[in-house]
Structure formats: structure tokens, C-alpha cells
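Which chain is which? The protein sequence lines are A and B, in order. Residues in the first sequence are numbered from 1 upward in steps of one, following our numbering. Residues in the second sequence are numbered from 1 upward in steps of one, following our numbering.
Among the clues, some could well be false.
Heads up, the list lumps identical chains together, so a pair's fine if it works in one copy or across two of them.
The calculated lysine to aspartate or glutamate pairs, modelled on EDC-like cross-linking and capped at a C-alpha distance of 20 Å, are [what the hints assert, rightly or not]: (1) 231 with 173; (2) 265 with 34; (3) 291 with 327; (4) 265 with 173; (5) 291 with 39; (6) 265 with 313; (7) 324 with 39; (8) 324 with 41; (9) 265 with 152; (10) 324 with 293.
Since the hints were made in silico from the structure, they are not lab data.
Number of protein chains: 2
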Amino acid sequence: MNGTKRHEPTIEEFVEGIRNGDRRLLSRAITLVESNRPEHERLAHEILDRCLGDGGNSIRIGVTGAPGAGKSTFIETLGLDILREGQRVAVLAIDPSSARTKGSILGDKSRMEQLAARPEAFIRPSASSGFLGGTAPRTHEAILLCEAAGYDVIIVETVGVGQSEIVVNSMVDFILLLMLPGSGDDLQGIKRGIMEIADLVAVNKADSGRQAIAEISKADFEAALRLLPEKHTGWERNVLLTSALEGSGVSEVWQIVRRFEERMKQNEAWENTRREQLRNLLYTIAEERLKREFYDHQLVRTLQQSIEHQVFEGSLSPFSGALKLLEAFFGEKRSD
Amino acid sequence: MNGTKRHEPTIEEFVEGIRNGDRRLLSRAITLVESNRPEHERLAHEILDRCLGDGGNSIRIGVTGAPGAGKSTFIETLGLDILREGQRVAVLAIDPSSARTKGSILGDKSRMEQLAARPEAFIRPSASSGFLGGTAPRTHEAILLCEAAGYDVIIVETVGVGQSEIVVNSMVDFILLLMLPGSGDDLQGIKRGIMEIADLVAVNKADSGRQAIAEISKADFEAALRLLPEKHTGWERNVLLTSALEGSGVSEVWQIVRRFEERMKQNEAWENTRREQLRNLLYTIAEERLKREFYDHQLVRTLQQSIEHQVFEGSLSPFSGALKLLEAFFGEKRSD
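Isolated chain A, as found in the complex (with noise of 0.2 Å):
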């Protein structure tokens, strides 16, 4: 930033760092964790291995809703009520300068100041719109690292559009579903996916005057969920009313979630959770470093052009011309 070479600290001093909760040294991780540059990668993941062990103990909340229905604002607020039960809380927040949010008119003005000053607290603004495409394993990383760094509740927003929500899934324990007043009569398939996924619906913005709306909505959404399979057995989602802005029903959210997690405990739903969640970023991260060796090998590379001709002319299947490069692929793996 200030144009000054920094030093870039070994892997000893980001362990430490992050292990003593030095913000600045974890948030540089995650940049590192973030990068393509294959010796950032190295070094992110030397980081992760010495790292991981330390964490564990957390709470993931994944918090999701369209633009507008004010998930900034409720992070800030929740965060800040966690905070005042001596808990230290990291968020995992969208960029609102880089996230894809077009057509989106409210804009995000205040983006969690008050969380943002305090030392407890953990603020990172992830470059990638909603973890979609490539960067779902590294959100997930990101989640790691701050776990190690002994946060003891992990926020993760996301804009809900669908597939982030589901990508999000993969990586939380629990999902709040954050809705408008007056958007539940409509309930259709659409909002329905991503109900599916949600274990608490909240009807935010339900500010003083907009009662009788929320109201309505709470019930359209109530209705809404009776419909859909339990996602968590004994666990029954509920809708509630919420305001951000005036604080009511947050702290009735940070409630549920303790809730959820003291019974999730009881059996082994929450550990079988986090093992599914980290077998799932095993082979996600697998499959692609698999692709890219595929995409970055030489024969590959020098074949694409002519196998693709062949395709748009109808001289060769879609099928066959995989095959094909397949065979490049594996046939230089083969002989090296």
C-alpha cells in the first residue's frame, strides 16, 4: 500500500502470527491462500499444514440472502452481540466493489465500521463474488486459517443467487437465510432451492411500521418450509422476524445458533458435518489440480486447436475428440 517493499515473513513467523491472532499476518495468509501464483500456493498450503490441528472448535455461520436484504448490517449487529459474550468473531464478507451485484440500487454504505474497530474482530472482504467458479476451496481454506487463529465464529457471507448458497453448504454448519417483508408470496421454486439449504429464515428490515408486512411474510415463509424434507434431523427451521437496524430478534438469532449447535452435538452430526465438509474439500481441491495439469500439459495444449476444428465441423464427436486428448494426456504421462 504505502509503496515500501514488505517483508515477507517465513513460515515460522505467519504460524505464529495467526496462532497469536496478528490479523495483519492472517489476513496476508489468506491472500496468500487467494493466489494463483503457484510459490504463493506453496507457501499458503505449507501454512495450512502447520496451522490446521489448532482449529476446530468454532462455529461457521453462513449468512445469504438477495442484495439488499441487509446482510451487512445484521453481520455487524450480530457480530457485535457475540463480541459482548467475550467471543471473537471473524467474517468472511463480500467485496461490494468487486462482487457482481449489478442492478443492486442500494449500494452497501455502511460495510461493518463498528465491527471492523474492534480487535476482537476480523473483517476480510473476499475478492470473488459469492465463492463462485474456482474459489470455493479457498473460502474454505480461508475458514481454516481463521480457525486456527482461535476465532471462535466464523461468518460467511454470500450473495443469494443459488449456487454460492449450495458452495457455501459445503463449508458451514449453519445457514441463515436473511429475506425482505413482503417477498414471500411468491413462493416458488426458485427461492425454494435455496430455502432448502437455509436452517433459519429471517424476515429482516421488519422496522418498526413494517410489522403487519413481516408478519405476513413469517407465515407465507412458515408455510414454505412445512413443505420441504428436514434438512438436519431434529431440527425443526423456524421464521423469524428481525431488524438490524433497530437490533430486535439478533440476539434471538445468536440464540438458535447455540441452540443448533448444543444439539447437533448430541449426536455426531456436527463432527460427521465437518468430516464430510473437509473429505468434500479434499476432492474438490483434488479434481482441480487434476484439471489444470490436464489444461497446462504440452501435448494437450498442442492438440486443442486442431481437435476442436474438427469438432465445430462435425468430423468428430464432442466424444471422440475427448478421447483424444485424453489419450495425449495420459499417453505423455505414460512414457515420461
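For chain A, the structure is supplied; the task is to place chain B on it using the hints.
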């Protein structure tokens, strides 16, 4: 179905039959394409290799919308309209018994019975719900087979839950989004995601008596479309009122599709899109088989359990675990 062992046609018979419009053989070829059995796959792709180059002159229309938006009635009415022009129509439909439309109370009473009775029409219910998961390439290949069979118009039905539209966008020319009257007052990001890929929006079920509310929805959707970036250069997306039940607006949709085709063929947009789609299919199949090679690999399978275990207990990061699996895969590949 009738218990007697069917004669398995030869590749020659398949290719000839498909070219000559034998719907039974076309249907059996699609079944082969959809099958996971290696011998079916091999046969399917030999058929495809032989059939390609014959087609490519069809118009492919994706019809999407939430459960209850009236997709199948709409497709039937549209299909009958197209037949009246002397064109042949193939429909890749959602099989309502297998589609995961839990919570859809409406059910599917009519599954295009009139259209199905016509010899110039081919209706193929797909076992996959909205082509999620690994079935996108299979659907694309089914489209290619329908083209080889000489169908002029191919309609692909999907449930409007987000993911399937984006997938179908990679294999059709035109996407029609069916909405319901009254659903326009809450246009948040959730719907906008789907609206972004629509070439035309129809407020369906704008039946007599519901026109007032349908008009309001139309205005809402028009406003929403204006906020979105252009999908195709030179094509302005519109909103129509339709009532498939009463037959109104449907032939207008068809005229718009023809106008779209004409417009896109003026520059090279049509051809470019088709190329991009074939390219996409080529690499999707390559990645699919690459992953299969990996997961079927003997040493990978042997190591999996112990690596998962180390990842679960935190003694190995998911990243390092993934690298170990890749080493096993490529090591073996290299040495054999």
C-alpha cells in the same frame, strides 16, 4: 417392457433408423447416451460419431420456469403451432415422476398428450431433473441425436431453480422464461440470476380474468430486464403475456424466436454460439472422463481411506492430501 428380449440393433441400423426418422430407434439411442454402462457408452458414441454433420440446422429452445408456471402445457401448444408450419419438433422433457420437484403441489396432469400423438413430434422424458449433476453432456448429446434425426425445432424443458438454466444455456439457442402473474413485485437477485440468461420472458397463465395482475407483472419484469446487461448484442429482451391454456400469445413467442434466429444469423452470432457450445461440450466430457479415470484408479482407491482419515484428524491438510492422491495417480500412470 413386455419381457421378451429385444433385438439389439447394429450401429448401422441405429444410424439409418435415426436418419430416417425412426422415433423408436432415436429413443433407444438416447437411452444408450444416458446410460452409465461402458458398452452402452461406446455404442452411443459410435452412433454419434456417425450421425454428426447431418444436423445443425435446428433451432434449439430452452423453456424454463418454476414448477407450476405451466411449462408442459406451453410446450405442447407451441409444439402444435410449429407442426402446423410443417416443421418437426422434438421435446426433451422433464419426467415428472423423477424430477425432484418436491413441494410442487400442482402436479402434472397433462404431459403433452396431443403433441405426443403426432408422428412429426418426438417427446422424450428425461430421467434427470433439470440436467443437474453429470447429465448436462448427455442432454447435449441427446440434442445432437435429435438434430441428426432431422428435427427442425428442439425444445428442452428445465425446472427454473438456477443451476439447470445455466447448464441449458450452454446447449440451446434461445431461452424462454415462463413466469406467473403476480410474481413480479419482488424482483431480487434470486430471480435476476435466471432472468439474466432469458432471451424472452412470458408471463404465462395470463388467462381471462387475470389480465390486470398479469399486466402489472409484465411491467415489473420489463423494469427488471432494463436493469440487466444485454445478453446478445442487438437483441432486446421483451416480456409477453401468454395463456397456453387459452392459446393466446404462444404463436407470438414462436414469431419472436424466428426473428431472433434471423437477427443472430445476420452476423456470426448464431454460428459462434454453436461453436462455443460444442467447445464447452468437448471439455466437459474430457473433464468428466478425467475424473472418472482418477476415481477408478487402483492406487487412488487404495490410499483414499487413510488419506481421508489423516485429513479428518488434522494431521494432513486437505491440500496435501489431494497432492498425495494425485502423486499416486500420476506415479502409476507414469510407471506402467
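Hint check results:
1. For a Cα distance limit of 20 Å, the shortest separation of residue 231 from residue 173 inside one copy, 12 Å, qualifies, whereas the shortest one across copies, 37 Å, does not.
2. For the identical chains of this complex, residue 265 and residue 34 are neighbours neither inside a copy (32 Å) nor across copies (41 Å), given an alpha-carbon limit of 20 Å.
3. Taking identical chains as interchangeable, the C-alpha atoms of residue 291 and residue 327 lie at most 20 Å apart whether they share a chain (15 Å) or sit on different chains (14 Å).
4. Proximity of residue 265 to residue 173 under the C-alpha cut-off of 20 Å is restricted to the intra-copy arrangement: shortest distance 11 Å within a copy versus 50 Å between copies.
5. Taking the shortest alpha-carbon separations for residue 291 and residue 39, only the intra-copy value of 19 Å comes in at or below 20 Å, while the best inter-copy value is 26 Å.
6. Taking CA atoms no more than 20 Å apart as the test, residue 265 paired with residue 313 passes between copies only; the shortest distance there is 17 Å, against 58 Å inside one copy.
7. Taking identical chains as interchangeable, the C-alpha atoms of residue 324 and residue 39 lie at most 20 Å apart only when they sit on different chains, with a minimum of 18 Å there against 32 Å within one chain.
8. In this homomeric assembly, residue 324 and residue 41 come within 20 Å of each other (Cα to Cα) only across copies, at 16 Å, whereas the closest approach inside a single copy is 31 Å.
9. In this assembly of identical chains, residue 265 and residue 152 lie within 20 Å of each other by CA distance solely inside one copy; the values are 16 Å within and 58 Å between copies.
10. In the homo-oligomer, the alpha carbons of residue 324 and residue 293 lie at most 20 Å apart both inside one protomer (16 Å) and across protomers (14 Å), since each shortest distance falls under that limit.
The structure does not agree with numbered hint 2 stated previously, though it agrees with all others.
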